[in-house]
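*Asks:* Single-letter residue listing:
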Amino acid sequence: MSDIDIRRVLQEELNNIAPEADVASVNPAADLREAIDIDSMDFLNFIIALHHRLGIDIPELDYPKLVTLDGAFAYINAKLQARQGQA
Amino acid sequence: MVEFRMPSLGADMEAGTLVEWLVKAGDRVKRGDVVAVVETQKGAIEIEVYQAGQIEKILVDLHSKVPVGTPLAIILAEGEAKPAAAVPAPPAPLPPTIPAPVIAPTAPPWRPVAAPVPPTAPAAAVHAASPAARKLAAERGIDLSTIAGSGPGGAITYADVERVSTVPAAAPPEKRKVPTLDFTAMRTAIAAAMARSKREIPHYYLDHQIDVTACEQWLAGKNATLPPDNRILMGALALKAVALAARRFPAFNGFYRDNKFEPSQAVHVGVAIAIRGGGLTAPALHDVDRLPLDELMARMRDLIQRTRAGRIRSSEIADPTITVSSLGERGVEALYGIIYPPQVAIVGLGKVLTRPWVVDGAIVPRSVVTITLSGDHRVTDGHAGALFLAEIGKLMQEPDKL
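So the protein lines, in turn, are chains A and B. Here the first sequence stands for residues 1404 to 1490, numbered as in our numbering. Here the second sequence stands for residues 9 to 410, numbered as in our numbering.
Treat the hints as calculated values from the structure; they're not laboratory data. Virtual Cβ for every residue (Gly too), placed ideally from N, Cα, C. One thing to keep in mind: the hints can contain errors.
Cβ-to-Cβ under 7 Å is the rule here; a few derived chain A residues that face chain B [what the hints assert, rightly or not]:
no., residue
1, Arg1410
2, Asp1442
3, Met1444
4, Ile1450
5, Ile1451
6, His1454
7, Glu1463
8, Gln1484
In the EDC-like style, the derived pairs of lysine to aspartate or glutamate whose C-alpha atoms are separated by at most 20 Å in a straight line are [as the list claims (entries may be wrong)]:
no., chain 1, residue 1, chain 2, residue 2
9, B, Lys359, B, Asp219
10, A, Lys1468, B, Glu337
11, A, Lys1468, B, Asp219
12, B, Lys230, A, Asp1460
Isolated chain A, as found in the complex:
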């Protein structure tokens, strides 16, 4: 999966949760919970969506790594590369 694809997945799933938010213009280093006003239930739904769509495991302990767009991108990228390395 290319970098652009990962960014697109993140944007689409966040838009499913916050349809009115302009995710593309969110500062990639900003805390998403504040930037697009999502609560703990929204965040859980975001994690569930990424889990199903990308097939990666995201333990609860790792949630803090995914609270910014940059953080989520880096986390998913690392997970996908680790999986490729095993294959």
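Starting from the known structure of chain A, arrange chain B on it as the hints suggest.
*Replies:* Leaving out everything else, chain B in the frame of chain A:
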């Protein structure tokens, strides 16, 4: 033969507009089936039937605004013969004077401001279609009568409209999830209910700090073993604790009507849910005191998603017996709610904070939540309220028993 009527979805509702029929004459229904969608100040509400049988006749046309209690359809019970006599005549359009609203007789001569009838689809669109489908069709200038519906009862769904329309490549697909709620009407409903509450209910307010470290540790251990779909949030633990405490202290669980308090056997917890873009509603999760945590969590997720998509069911809007409001992890330390009449209590949950706390004589960092109670002084007083909050705190020390 049973008349299926326009339900009262809260004390402040006088009338509703029928925007979608999901059944037609001849269809069989069972208890709990969603048969229609009614537009109210609280948004579009899915209306369920409480009678199994066969739809004999639909009495109210789409886009009609009718008062609460108006027969909407005739249902024949299983095995019942068709009535020989004519069914009741379809109701007249909404008269200028509305029948007495369901408010306490002692209430001041007050009427909620009638919301303007929401603009409905053009007259040509007599075809059953979901609100989302109708909106999309209007946006794209498509005549609904040209579309074959694939939804229940031949209703036109969003996907049906999408199929026939040529979508410009640039159209953002995610737009379809924007709830089509009328925020002005919702604000009017909130204002009416809250103003009535402050006028009629002598509130008292209490707060209590609870150490939730045990809950956090228990959740961390449990969720580490679960896929994301089955993970449980702190909010579910709190809801269960409130429901169990409400069962033990029935004076906080029920309705104040006709100058007296009627405790409720069932504990239906209204969950205050913020609507994106502004607005708030508190539909009920039913029998929370009896739900295992995983089931409670699944229902809470479902309820929040449906509420934000504008799909609440009639049974959920009409009967919460107590409300819980939480501003979540980005919220404030404490919130003091306004009781939603005819309920008599609302519990507020602040955010979890790490605080210095004394445990066994030593100061240690612990996770602490401030829980509040707004109580109705016509029914209880501060002493009972303090016991109620203390009970919630005790229950949250043993999350494995919730």
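*Asks:* I'd like to know which numbered hints this structure contradicts. Please list them from smallest to largest.
*Replies:* Hint check: 1, 8, 11 fail, others pass.
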